[in-house]
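> Here is what each chain is made of, one letter per residue.
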Amino acid sequence: MTEIPSSSSYWSNSLQIVGKLLSIWFLVSFGCGILFKDFLDQYTLGGAPFGFWMAQQGSIICFVALLVTYARWMNKLDEKHGFDETEED
Amino acid sequence: MEQTTWNFIFIGITFGVYIGIAIWSRAGSTKEYYTASGGVSPLANGMATAADWMSAATFISMAGGIAAAGYGASKFLMGWTGGFVLLTTLMVPYLRKFGKATVPDFIGDRFYSNGARLVAVICAIFICMTYIMGQMRGVGIVFSRLFDIEIWMGVLIGGGIVFFYAGLGGMKGITYTQVAQYCVMVFSYTIPVIFISIIITGNVIPQLGLIGNYIKDGAEKSVPLIEKINQISTDLGFQEYTASTSNTLDMFCITAALMIGTAGLPHVIVRFFTVKNVKAVRKSAYWTLGFIAIIYLTAPALGIFARTNFVEEINQKKYAEAPQWFKNWESQGMIAWVDKNKDGIMQYKAGNVFTGKPVYADEKRVEGGPRPVSNELADSSNEVYYDRDIIVLANPEMAGLPKWVIALVMAGCVAAALSTAAGLLLVLSTSVSHDLMKKIINPNISDQQEIRYARMASFGALALAAYFGINPPSSFVAKTVAFAFGLAASSFFPTLIMGIFSKKINKQGAIAGMICGIGFTLSYIVHFQFLTESKDYWLGISPEGIGFLGMFINFIVAFVVSSMTPPPPQRVQELVENIRIPKGAGKAMDH
Numbered sequence: 525m526t527e528i529p530s531s532s533s534y535w536s537n538s539l540q541i542v543g544k545l546l547s548i549w550f551l552v553s554f555g556c557g558i559l560f561k562d563f564l565d566q567y568t569l570g571g572a573p574f575g576f577w578m579a580q581q582g583s584i585i586c587f588v589a590l591l592v593t594y595a596r597w598m599n600k601l602d603e604k605h606g607f608d609e610t611e612e613d
Numbered sequence: 004m005e006q007t008t009w010n011f012i013f014i015g016i017t018f019g020v021y022i023g024i025a026i027w028s029r030a031g032s033t034k035e036y037y038t039a040s041g042g043v044s045p046l047a048n049g050m051a052t053a054a055d056w057m058s059a060a061t062f063i064s065m066a067g068g069i070a071a072a073g074y075g076a077s078k079f080l081m082g083w084t085g086g087f088v089l090l091t092t093l094m095v096p097y098l099r100k101f102g103k104a105t106v107p108d109f110i111g112d113r114f115y116s117n118g119a120r121l122v123a124v125i126c127a128i129f130i131c132m133t134y135i136m137g138q139m140r141g142v143g144i145v146f147s148r149l150f151d152i153e154i155w156m157g158v159l160i161g162g163g164i165v166f167f168y169a170g171l172g173g174m175k176g177i178t179y180t181q182v183a184q185y186c187v188m189v190f191s192y193t194i195p196v197i198f199i200s201i202i203i204t205g206n207v208i209p210q211l212g213l214i215g216n217y218i219k220d221g222a223e224k225s226v227p228l229i230e231k232i233n234q235i236s237t238d239l240g241f242q243e244y245t246a247s248t249s250n251t252l253d254m255f256c257i258t259a260a261l262m263i264g265t266a267g268l269p270h271v272i273v274r275f276f277t278v279k280n281v282k283a284v285r286k287s288a289y290w291t292l293g294f295i296a297i298i299y300l301t302a303p304a305l306g307i308f309a310r311t312n313f314v315e316e317i318n319q320k321k322y323a324e325a326p327q328w329f330k331n332w333e334s335q336g337m338i339a340w341v342d343k344n345k346d347g348i349m350q351y352k353a354g355n356v357f358t359g360k361p362v363y364a365d366e367k368r369v370e371g372g373p374r375p376v377s378n379e380l381a382d383s384s385n386e387v388y389y390d391r392d393i394i395v396l397a398n399p400e401m402a403g404l405p406k407w408v409i410a411l412v413m414a415g416c417v418a419a420a421l422s423t424a425a426g427l428l429l430v431l432s433t434s435v436s437h438d439l440m441k442k443i444i445n446p447n448i449s450d451q452q453e454i455r456y457a458r459m460a461s462f463g464a465l466a467l468a469a470y471f472g473i474n475p476p477s478s479f480v481a482k483t484v485a486f487a488f489g490l491a492a493s494s495f496f497p498t499l500i501m502g503i504f505s506k507k508i509n510k511q512g513a514i515a516g517m518i519c520g521i522g523f524t525l526s527y528i529v530h531f532q533f534l535t536e537s538k539d540y541w542l543g544i545s546p547e548g549i550g551f552l553g554m555f556i557n558f559i560v561a562f563v564v565s566s567m568t569p570p571p572p573q574r575v576q577e578l579v580e581n582i583r584i585p586k587g588a589g590k591a592m593d594h
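Order-wise, the sequence lines are chains R and Y. In this text, residue positions in the first sequence follow this note's numbering: the first is 525, and each later residue adds one. In this text, residue positions in the second sequence follow this note's numbering: the first is 4, and each later residue adds one.
Bear in mind the hints are in silico, worked out from the structure with no lab data behind them. Check before you lean on any hint, since a few could be wrong.
Result set (DSS-like, lysine-lysine): computed pairs, CA atoms no more than 25 Å apart in a straight line [as the list claims (entries may be wrong)]:
hint: 1; chain 1: Y; residue 1: Lys586; chain 2: R; residue 2: Lys600
hint: 2; chain 1: R; residue 1: Lys544; chain 2: Y; residue 2: Lys330
hint: 3; chain 1: Y; residue 1: Lys506; chain 2: R; residue 2: Lys544
hint: 4; chain 1: Y; residue 1: Lys586; chain 2: R; residue 2: Lys604
Coverage of chain Y stretches by chain R, computed from C-beta distances (three or more under 8 Å per stretch; other residues unrestricted) [to be verified]:
hint: 5; region: 86-93
hint: 6; region: 221-234
hint: 7; region: 275-286
hint: 8; region: 417-424
With the C-beta cut set under 7 Å, the calculated list includes, among others, these residues of chain Y facing chain R [stated by the list, open to error]:
hint: 9; residue: Ser77
hint: 10; residue: Leu80
hint: 11; residue: Leu213
hint: 12; residue: Leu292
hint: 13; residue: Ala296
hint: 14; residue: Ile297
hint: 15; residue: Leu300
hint: 16; residue: Pro303
hint: 17; residue: Pro585
The model shown is predicted, which means the values in this text are computed figures rather than measured ones. Each residue gets a CB set at the ideal place from its N, CA and C atoms; glycine is no exception.
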């Protein structure tokens with residue numbers, strides 16, 4: 525363990541993780557799917573306008589990826605700070 | 004074999020499984036009843052939560068809604084999935100660490116006030132009640148179609164089954180039943196779509212349909228499916244399938260309100276109290292969304308396939324040569340054709356055929372002719388009416404699949420309605436037995452008494468839900484969706500967020516925030532949904548999206564009031580410190 529486990533640095537690190545992930549969350553859904561939809565529609569993905577596709581499917585795929593990333597990053601952060609718990613299942 | 008025989012076989016088998024699981028996993032203690040003792044594996048919990056989340060409405064109506072609205076329906080797709088990102092990153096790990104059985108429990112303890120707890124209990128009961136009514140109605144409709152019985156009988160049968168395994172098994176029984184229900188749902192939803200996908204795009208993976216080519220006219224004439232549907236839509240006088248909605252602000256607000264509402268729905272939050280520790284919560288969350296995504300990625304593909312198929316098979320075809328499924332669903336009252344120009348050919352175009360739902364005239368159907376309707380005809384030249392729900396229900400027939408697939412889809416509808424109803428029933432009964440009876444009215448009741456109250460409460464709630472399922476207040480159920488999400492978005496979500504991420508918010512702030520948030524949202528919804536016919540919305544924001552603003556009002560009021568009143572006591576601040584650290588959640592469950 526390189527760092528002294530401390531709850532306040534754990535908390536600020538986890539806030540950073542959440543902040544990063546939620547920015548992407550906002551960008552892929554509200555950004556690509558709604559606000560910049562018309563602009564992105566000039567590009568196509570296999571025949572589908574990109575903004576439209578992001579709103580119907582792309583954003584959902586990104587959401588799942590975000591949650592997998594969240595679990596990975598938070599578990600790593602737990603280990604670093606010694607808050608890890610062994611899982612038996 | 005007859006269709007009804009297949010229906011009996013499929014419904015019979017699935018019900019046998021659900022009841023078997025309920026008996027096997029009967030709950031003995033309140034811990035098991037409320038949260039399955041926190042011992043469910045993340046994968047199983049993911050499936051169960053997905054089944055709980057996807058209601059009869061999602062299962063039956065969503066694809067039809069997408070087929071009709073095109074891009075405009077994206078708000079539901081994004082809203083009902085994106086909420087899980089908020090839920091996972093901002094709430095459930097911390098609430099699981101806190102380790103109590105219900106959401107009002109957290110609000111009551113964090114804001115050290117039974118007043119806050121009571122407001123939370125009332126919200127939870129209201130949200131769940133509005134939701135469960137729609138489910139009971141859904142069960143009733145499916146049963147009445149399946150077995151040719153009255154809707155009220157269908158509602159009672161469905162209610163009886165739900166009471167049996169939710170009341171008996173508690174969370175443990177519900178969770179394992181929902182795992183089985185998810186499997187039924189996912190198969191019954193995707194199998195017909197796979198076949199349609201092969202016919203229309205030649206691809207076995209239906210989810211890729213949106214970016215695939217339309218090959219039904221032969222390989223040399225293949226065009227991107229999206230291009231094809233836009234072409235068809237504009238030819239018939241609709242706007243392009245991919246066209247943007249007229250009001251971006253409204254689209255933004257509705258999407259946001261659905262996401263925030265999702266993250267604040269008590270029956271979704273409590274699902275994550277059933278796993279072992281915080282690490283398992285995170286894992287369970289991505290499994291949940293992954294399982295939901297399988298169906299949510301299929302729905303837009305199904306929508307586009309079904310719409311293309313429907314137009315190609317029906318438009319400009321002679322009624323006498325219409326496919327059999329068209330006439331079957333016409334007999335069921337979900338399709339109608341009015342030969343306005345008397346040419347014997349069905350013209351499908353933009354615009355209403357007639358006003359409202361079809362009312363069938365008493366006169367006998369001429370052999371080989373359409374079912375006459377007595378509605379007042381609209382001006383448009385559109386002659387074909389169809390209920391959006393047939394997009395899913397008639398899907399197997401449109402694709403020419405065997406009868407057992409139709410029975411499977413019916414079993415899927417029932418599974419979707421039952422799983423959601425059971426989850427809601429559990430939250431309702433816990434709110435009454437645990438939060439109201441034990442925490443507010445009489446703290447001295449024993450474990451056994453508490454379960455008894457829970458079972459009594461579920462019986463009462465179900466009876467009420469069944470009553471409204473049988474006698475729905477006209478179009479009330481559809482409107483209550485705005486209520487449930489608006490309430491969750493303006494009450495639970497902001498209050499829980501502040502409880503976790505701020506140590507300064509005190510009980511006065513939380514209560515004032517909740518009351519102002521709910522008050523604003525409710526009065527806006529009631530005004531536009533019930534008191535006036537006008538659609539003169541403020542800034543064009545429809546009632547479905549107003550919860551988003553309600554959330555901000557809750558936040559602002561809570562901060563202002565908290566800054567003018569004494570800060571929370573030291574022990575509450577320590578509690579907040581404590582829930583931010585994931586370690587030790589398992590212990591919290593045992594004490």
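> If a hint holds in the structure, say so; if it does not, say that too.
Here is how each hint holds up against the structure:
no., hint, result
1, Y:Lys586 to R:Lys600, "holds (14 Å)"
2, R:Lys544 to Y:Lys330, "violated (54 Å)"
3, Y:Lys506 to R:Lys544, "holds (23 Å)"
4, Y:Lys586 to R:Lys604, "holds (13 Å)"
5, 86-93, "holds (count 6)"
6, 221-234, "holds (count 5)"
7, 275-286, "holds (count 7)"
8, 417-424, "violated (count 0)"
9, Ser77, "holds (4 Å)"
10, Leu80, "holds (6 Å)"
11, Leu213, "holds (5 Å)"
12, Leu292, "holds (5 Å)"
13, Ala296, "holds (5 Å)"
14, Ile297, "violated (10 Å)"
15, Leu300, "holds (5 Å)"
16, Pro303, "holds (4 Å)"
17, Pro585, "holds (5 Å)"
Going down the numbered hints, you'll see the structure goes against 2, 8 and 14, while the others check out.
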